[in-house]
Structure formats: C-alpha cells, structure tokens
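Whole structure, please, built from the sequences with the hints as guidance.
Taking our numbering, the leading residue of the sequence shown gets 1, the next gets one more, and so forth.
Since the hints were made in silico from the structure, they are not lab data.
Each statement offered as a hint is correct.
In silico SDA-like pairs for lysine to any residue, Cα to Cα no more than 20 Å straight-line:
id	residue 1	residue 2
1	Lys123	Arg151
2	Lys109	Ala138
3	Lys123	Ala86
4	Lys123	Pro113
5	Lys123	Arg90
6	Lys119	Asn103
7	Lys119	Ala129
8	Lys109	Asn136
9	Lys109	Arg60
10	Lys119	Glu131
11	Lys109	Pro52
12	Lys109	Ala53
13	Lys123	Gly87
14	Lys119	Glu95
15	Lys123	Glu94
16	Lys119	Ser159
17	Lys119	Ala84
18	Lys119	Ser81
19	Lys109	Leu127
20	Lys109	Phe142
21	Lys123	Arg98
22	Lys119	Ala61
23	Lys109	Glu140
24	Lys123	Glu82
25	Lys119	Ala86
26	Lys123	Pro93
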Amino acid sequence: MSEREDFVRRFGGIFEHSPWVAERAFDHAASSGLTAGNVHSALCNAFRAASPAERLAVLRAHPDLAGKLAIAGKLTADSTSEQASAGLDRLSPEEHARFTELNAAYARKFGFPFIIAVKGLTKAEILAAFEQRIDNSAEEEFETACAQVERIARLRLSSMLPGDDNA
1 MSEREDFVRR FGGIFEHSPW VAERAFDHAA SSGLTAGNVH SALCNAFRAA
51 SPAERLAVLR AHPDLAGKLA IAGKLTADST SEQASAGLDR LSPEEHARFT
101 ELNAAYARKF GFPFIIAVKG LTKAEILAAF EQRIDNSAEE EFETACAQVE
151 RIARLRLSSM LPGDDNA
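What follows is the structure in structure tokens.
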C-alpha cells in the first residue's frame, strides 16, 4: 500500500463519507508531519478549496441528529460515539419528536442536515443551537455548517493523533 493510500485509508472518514478530502490533502499533510493540527489544516484547506457543490455533498453526507440512521444503528462509528456523548441516544419521546421536527424543517430550508460538533454539549445546548440557527440565511448557515464540519474533523483527529495545540 502506498503512503497516499494509507493516508486516505486512515483519514478518509474524517470528513463524513468523503475520502476525496483526504486524497486532496495528502501532499500537504505528508510534508507537514502527522500531528492532529497539521492533518487538520491540510484537510480543511482541501475542503475549503473544493467547489460549493462538493462542500454541499460533504454536508449532505452527515446524518440527522437523533434521526432514522441513529435509531436503526446505521451511523458511522464516529457519529454513533459523538451523538451518544451528548445523550442523543437517550432522548425522551418528547425530545425525539422535537429533534425530528427540527431536522425536517432545517432540511427543507437548507437542503442539508443540521450539523454541530456535539462533543461537550448537552441535549439542551444542541436544541438551543438548532432553534437559533434555523433562522439563519442560507449563506450564513452553509458557512456555519462547514465550520462545524471542520470542528468535527478536528475533534476526530485529536483522538487519533498527537496534538500540537488544543482542539
């Protein structure tokens, strides 16, 4: 296996179901050293250099929070762990109904699922962010969602690689 193939195998899932980000980031990351900060920088640069349609595809690859895939046990291991850390796997029927309602309204308005780095957040904090962000403009929310994808990537990398700063 080549270094490039190994890099993509290791980091291709950092941006949800989007190994092309790692493929495009390889040259910069390989020359910078494999720390969480360096790999994150390379991945984010590749993501930001992508077309709006490619970035939108990354957003659309993310699952709904506490949605059908979570209930069916079909999330990636990272997404399962992240959602569980915020208690999204233990919602009351009322909380689940609210997440379902917000997921549907958000997807109708923006064309992609609500994305937030849930690590360290409570269910109440996530719901508050959901309710606030649903009023954003399409452009503002696209940028906010992209920034959250990058934050999720940083948190995932921090658990895999030595860091050179705090997440």
